[in-house]
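There are 2 protein chains.
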Amino acid sequence: MRIVSLAGGIGGARFLRGLLAAAPGSEITVIGNTGDDITLYGLQVCPDLDTVMYTLGGGIDEDQGWGRQKETHVVKEELAAYGVEPQWFGLGDRDFATHIVRTQMLRAGYPLSAVTEALCARWEPGVRLIPMSDDRTETHVVISDEQGRRAVHFQEWWVRLRASVPAEEIILVGADQARPAPGVLEAIADADAVILPPSNPVVSIGTILQIKGIREALESKTVVGVSPIVGGAPVRGMADACLTAIGVETTAQAVLELYGSPLVNGWLVAEEDDGVGLDGVGLDGVRVRSRPLIMHDVESAAAIARAALDLATELSASRGEPAGTQGEDGL
Amino acid sequence: MRIVSLAGGIGGARFLRGLLAAAPGSEITVIGNTGDDITLYGLQVCPDLDTVMYTLGGGIDEDQGWGRQKETHVVKEELAAYGVEPQWFGLGDRDFATHIVRTQMLRAGYPLSAVTEALCARWEPGVRLIPMSDDRTETHVVISDEQGRRAVHFQEWWVRLRASVPAEEIILVGADQARPAPGVLEAIADADAVILPPSNPVVSIGTILQIKGIREALESKTVVGVSPIVGGAPVRGMADACLTAIGVETTAQAVLELYGSPLVNGWLVAEEDDGVGLDGVGLDGVRVRSRPLIMHDVESAAAIARAALDLATELSASRGEPAGTQGEDGL
Numbered sequence: 042m043r044i045v046s047l048a049g050g051i052g053g054a055r056f057l058r059g060l061l062a063a064a065p066g067s068e069i070t071v072i073g074n075t076g077d078d079i080t081l082y083g084l085q086v087c088p089d090l091d092t093v094m095y096t097l098g099g100g101i102d103e104d105q106g107w108g109r110q111k112e113t114h115v116v117k118e119e120l121a122a123y124g125v126e127p128q129w130f131g132l133g134d135r136d137f138a139t140h141i142v143r144t145q146m147l148r149a150g151y152p153l154s155a156v157t158e159a160l161c162a163r164w165e166p167g168v169r170l171i172p173m174s175d176d177r178t179e180t181h182v183v184i185s186d187e188q189g190r191r192a193v194h195f196q197e198w199w200v201r202l203r204a205s206v207p208a209e210e211i212i213l214v215g216a217d218q219a220r221p222a223p224g225v226l227e228a229i230a231d232a233d234a235v236i237l238p239p240s241n242p243v244v245s246i247g248t249i250l251q252i253k254g255i256r257e258a259l260e261s262k263t264v265v266g267v268s269p270i271v272g273g274a275p276v277r278g279m280a281d282a283c284l285t286a287i288g289v290e291t292t293a294q295a296v297l298e299l300y301g302s303p304l305v306n307g308w309l310v311a312e313e314d315d316g317v318g319l320d321g322v323g324l325d326g327v328r329v330r331s332r333p334l335i336m337h338d339v340e341s342a343a344a345i346a347r348a349a350l351d352l353a354t355e356l357s358a359s360r361g362e363p364a365g366t367q368g369e370d371g372l
Numbered sequence: 042m043r044i045v046s047l048a049g050g051i052g053g054a055r056f057l058r059g060l061l062a063a064a065p066g067s068e069i070t071v072i073g074n075t076g077d078d079i080t081l082y083g084l085q086v087c088p089d090l091d092t093v094m095y096t097l098g099g100g101i102d103e104d105q106g107w108g109r110q111k112e113t114h115v116v117k118e119e120l121a122a123y124g125v126e127p128q129w130f131g132l133g134d135r136d137f138a139t140h141i142v143r144t145q146m147l148r149a150g151y152p153l154s155a156v157t158e159a160l161c162a163r164w165e166p167g168v169r170l171i172p173m174s175d176d177r178t179e180t181h182v183v184i185s186d187e188q189g190r191r192a193v194h195f196q197e198w199w200v201r202l203r204a205s206v207p208a209e210e211i212i213l214v215g216a217d218q219a220r221p222a223p224g225v226l227e228a229i230a231d232a233d234a235v236i237l238p239p240s241n242p243v244v245s246i247g248t249i250l251q252i253k254g255i256r257e258a259l260e261s262k263t264v265v266g267v268s269p270i271v272g273g274a275p276v277r278g279m280a281d282a283c284l285t286a287i288g289v290e291t292t293a294q295a296v297l298e299l300y301g302s303p304l305v306n307g308w309l310v311a312e313e314d315d316g317v318g319l320d321g322v323g324l325d326g327v328r329v330r331s332r333p334l335i336m337h338d339v340e341s342a343a344a345i346a347r348a349a350l351d352l353a354t355e356l357s358a359s360r361g362e363p364a365g366t367q368g369e370d371g372l
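Chains A and B, in that order, are what the protein sequence lines are. Heads up: the first sequence begins at 42 in this note's numbering, then just goes up one per residue. Heads up: the second sequence begins at 42 in this note's numbering, then just goes up one per residue.
So here's chain A without its partners, still in its complex pose:
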C-alpha cells in the first residue's frame, strides 16, 4: 500500500510512528511542514522535519516530544555568554549538529529536499520524508503588544510568547512563490490513501495545503483525517489559539469544515466528540467514525492509524458512490 501523510511536529510524528506499526511493508511518504522553519544564529532550523526524523529514527526526547534524547546545552550557554539573540529558542548540542549539516548543504546549493534525504540516511525513519517545498516560506503571526501591531515569526509567538498574545492573523510568507518539492505531487498521485494526522490544522496541515497544487492534488485522492481536537480542546499544543486566529471554533466539527469537502473523505473523531456540535460531527460526503484518539503510546497511535487506514480502504472500495452519501458510521 502506498500511503501519503502530511505532518507537522510532535502530534504528527507520534501518529506516524503508529502508522508505521499499523502498516508494515507499506510505502509511506511524509510531506513535512516547513512553515515553522527559522534561521537561528545563521543556521537553518526545520523543527517539524526534525521532530519527524528524530521520532521515527529513535533519537527523540520522548518526554519533551521534540529535540534529541540525552541532550546537552553547552553551545546555547556559550551563545548566551556572547550575548547572541534569541535566547528563548532551546537548541541542544546534538540538535545543533543537524542544523550545521543542513546549513552547510543548503549553502553548497543542495535543495532542502536533498538535504532532508541526506539527514534521513542516518536516521532511517522508515518513511520517505519530503519537505512540502524547497522554496523558503515562513509562518508569521500578527500580534498587538506594547510594541504595537506587528508580525513576528511563528516561533517567537509559539515558543517565546507561548501563544499568550492573541494571533490576529497567521500568514505564510512566501506561499505564493513556493512550489511543492520534487516528489510531493508524484507521491500524492501514486498514493492509495492519504492520511491527515492530528497535527495542528492551521500552522501544520493548513500550511502544507497552502502550497500551490497540493490541495488540488489531494482532492482527487482518498483522504482520511484524524481530528486534532478531542473533547473540544487540542490534544497537545496550542491549536486553539491558531484556530481562534482564523475564526474557527476549537471543535472536531469546525476543523473538519476547515479542511472541507472534497478534500477530506473520511474523518476520525474522538468518542467524546461523536455527535457533539449543533449539527453533529459531519459534513456532506464525509464518512465519519469515532475512535479513542488519545495517543498514549505507540500501540494506541497504531490503533488510530489502523482505523484511519481501514476507513480509507472502505472509502476507496466504495468509490463511485454518489457524492454526499454517508457511510454506516456517518450521522
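Hints may contain errors.
Since the list gives no way to pick one copy over another, a pair counts as held whenever it fits inside one copy or between any two copies.
[Claimed, not checked] Simulated crosslink set (SDA-like; lysine to any residue; CA at most 25 Å straight-line):
#, residue 1, residue 2
1, K111, G167
2, K253, E210
3, K262, R347
4, K262, A343
5, K111, H140
The hints are simulated quantities; they were obtained by calculation from the structure and are not laboratory data. Note that the structure is predicted; figures quoted are calculated from it, not measured.
The hints should help you fit chain B onto chain A, whose structure is shown.
Positioned in the frame of chain A, the structure of chain B alone reads:
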C-alpha cells in the same frame, strides 16, 4: 607605552600573557595570523585569533594550549554520526559557539576585524586584537603522498598528518590580494616598540609579514624578536618542519636571518644558543641578548617579555647610531 606584537597561536598567546604582566598600563595591539583559518562544516574557524583571545581572556584549555577549558565534544560526535568530514579537527562545543557567532556576523557582512572585536567584547583579552587582514588568505602546503603531489590546507598537514609528510612548499593563497586590516598599519605607525613573540617563524610571523605593507611598516620601527628556537629545536609545535620546507635551518641564527635586517633590530636568544652557530648568533645591525626563553608559566613569560621591552627601549634610546653598530651584548 604603545606596543605592537604579531602573534600566531599557543606560543604567541603565552608570550602575550607575559607581555601583559610585564607592561601593565601599556596599550598593546596584537596583529593575529589568519593564514591558519579554515572553513569547517560551513563555519569560519580562526584558530590563532581564538587561541590568543581564549588565553588572554581566561578561557583557554591550559594543558592543551588551544581550545576551551572544560570542553565537551557532543556536536563533533554528532557530525561524525552524520558522516560529515573532516573528522580530524577537534572542535569542542564551547568553541563551536565562537565559530557560529563569527560565521553569522561574517555572513551578515561584518569584516573579520569587526567580528573579532565583537568576540573580544566578551573575553576582554586586555589587548586590541586585530586580524592581519580582513581579506581571506589560507596557508596551503604542497606535499607528495600516495595521492601524488598536491596542496593541502595547512590544518590538514598540521593536524591530520602531524607534519609527518615533508612540506615541499608553503604558500599563502590570497596573499597578493590581501590588505592589512583597518588599524594594523596605524597601530604599527604609532608603536613605541614592536615585539615578535616566539611564534612559528614561517606559518605565523612569516605569514603576517607577507601581507602587503606590514613588513615595510615594521622596518621603520624598533622591532625586537624572541627566538622560537631553543637549543636547536622548536620550543613547541613543529616549526622545524616548516623551516625545512623553506630551506632554513632550525637554529636561532637562521630564524634571525630569515626575518633579516632592517626588519629586526633586537633579538633575544636562549642562553643555550648564545654564540652557537658557524658565525655565532647575530646579524649586522641587530643587537642580540641571551635569556632563558622557556615559558614555564606566566612569570617566566613575563621575564622574557620584560627583556624584550628593555632591549626595545635601549634600541629606541640609541636611535641615530650608525647602522651596523653592535650593542654591548652583540657579538
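Hint-by-hint comparison with the structure:
no.	hint	result
1	K111 - G167	within (22 Å within a copy, 38 Å between copies)
2	K253 - E210	within (20 Å within a copy, 56 Å between copies)
3	K262 - R347	within (18 Å within a copy, 82 Å between copies)
4	K262 - A343	within (22 Å within a copy, 78 Å between copies)
5	K111 - H140	both (17 Å within a copy, 24 Å between copies)
In summary, the structure agrees with every hint in the numbered list given earlier.
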